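**Student:** Whenever a hint applies, use it, and build me the whole structure from the sequences.
In the numbering used here, the protein residues as written are 1 to 180.
These are calculated hints, taken from the structure and not from any lab test.
None of the values given here were measured: they were computed from a predicted structure.
Any given hint could be a false lead.
[As the list claims (entries may be wrong)] DEER-style ranges, computed between Cβ atoms:
hint	residue 1	residue 2	range
1	Gly113	Glu157	30 to 40 Å
2	Thr112	Asp6	35 to 45 Å
3	Gly113	Ser7	35 to 45 Å
4	Lys30	Arg167	20 to 30 Å
5	Glu70	Ala48	29 to 39 Å
6	Asp6	Val172	36 to 46 Å
7	Asp16	His105	39 to 49 Å
8	Thr10	Thr99	32 to 42 Å
Each residue gets a CB set at the ideal place from its N, CA and C atoms; glycine is no exception.
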Amino acid sequence: MRMPSDSELTLLFDGDGRQLKQFIEKHHEKLKRYQLMDDENELADELAIKEQIPIVFAFVYSVTVDWGEEDEEIVRLFGKRLPDETVEVTSTDKGLDVTYNGQLHSIALTFTGNDRYITIRGFQELIRDKYEIRLFEASYLSDTHDFLILPKRQWEELDARYPVRSREIFRVIDDELDFP
1 MRMPSDSELT LLFDGDGRQL KQFIEKHHEK LKRYQLMDDE NELADELAIK
51 EQIPIVFAFV YSVTVDWGEE DEEIVRLFGK RLPDETVEVT STDKGLDVTY
101 NGQLHSIALT FTGNDRYITI RGFQELIRDK YEIRLFEASY LSDTHDFLIL
151 PKRQWEELDA RYPVRSREIF RVIDDELDFP
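**Tutor:** In structure tokens, the structure reads:
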């Protein structure tokens, strides 16, 4: 799967109604599956547009993790979003063995509901030199969380250019983050 383009990231942080309509047209087939934005009159006011852009963007580029998702599947879903990386995963009696670009890493699990974020933080640790995973803030209070993976350099540029908006749209994955 491909990463969002620079112009799409600009839309996410600083877009307007015209740009959102173009994004919807470009990704019409994917968005059609979700019956999203069937009524273009919903794009009437600028405040609504600013709130809708991250939601629409997430439907196209996020990794969605349900609170009950299998941990192996979480790793597979994130791995599919890394265009030039190889990711393989197997379950063990202690957790997960993840092979990332030929290197074997283990993620110890508790075999409880806490494992979703143990897996996410563990995978984040494996890819941290090149990539970063962040949570779409709008999905936090849901039982499914949406994540965006971008190259670390791109996150740094976006944080420098849009510091306030970045904190409004995303949560950094830290030790405290979990399903509410």
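**Student:** 35 to 45 Å was suggested as the range; check whether the CB atoms of glycine 113 and serine 7 agree with it.
**Tutor:** holds (39 Å)
**Student:** In this structure, is the beta-carbon distance linking glycine 113 and glutamate 157 contained in 30 to 40 Å?
**Tutor:** The hint (30 to 40 Å, Cβ to Cβ) holds, given that glycine 113 and glutamate 157 are roughly 35 Å apart.
**Student:** For the range 32 to 42 Å, tell me whether the beta carbons of threonine 10 and threonine 99 fit it or not.
**Tutor:** Since the Cβ atoms of threonine 10 and threonine 99 sit about 35 Å apart, the hinted range of 32 to 42 Å holds.
**Student:** Is the gap between the beta carbons of threonine 112 and aspartate 6 within 35 to 45 Å?
**Tutor:** Since the Cβ atoms of threonine 112 and aspartate 6 sit about 40 Å apart, the hinted range of 35 to 45 Å holds.
**Student:** Note whether the CB distance of glutamate 70 and alanine 48 lies within 29 to 39 Å or breaks it.
**Tutor:** holds (36 Å)
**Student:** Taking the CB of aspartate 6 and the CB of valine 172, does the distance hold inside 36 to 46 Å?
**Tutor:** With Cβ atoms ~21 Å apart, the hint is violated.
**Student:** Within 20 to 30 Å or not, the Cβ separation of lysine 30 and arginine 167?
**Tutor:** holds (27 Å)
**Student:** Starting from the range 39 to 49 Å, see whether the pair aspartate 16 and histidine 105 falls in it by beta-carbon distance.
**Tutor:** holds (42 Å)
In this structure, only the earlier hint numbered 6 is contradicted, and the remaining ones agree with it.
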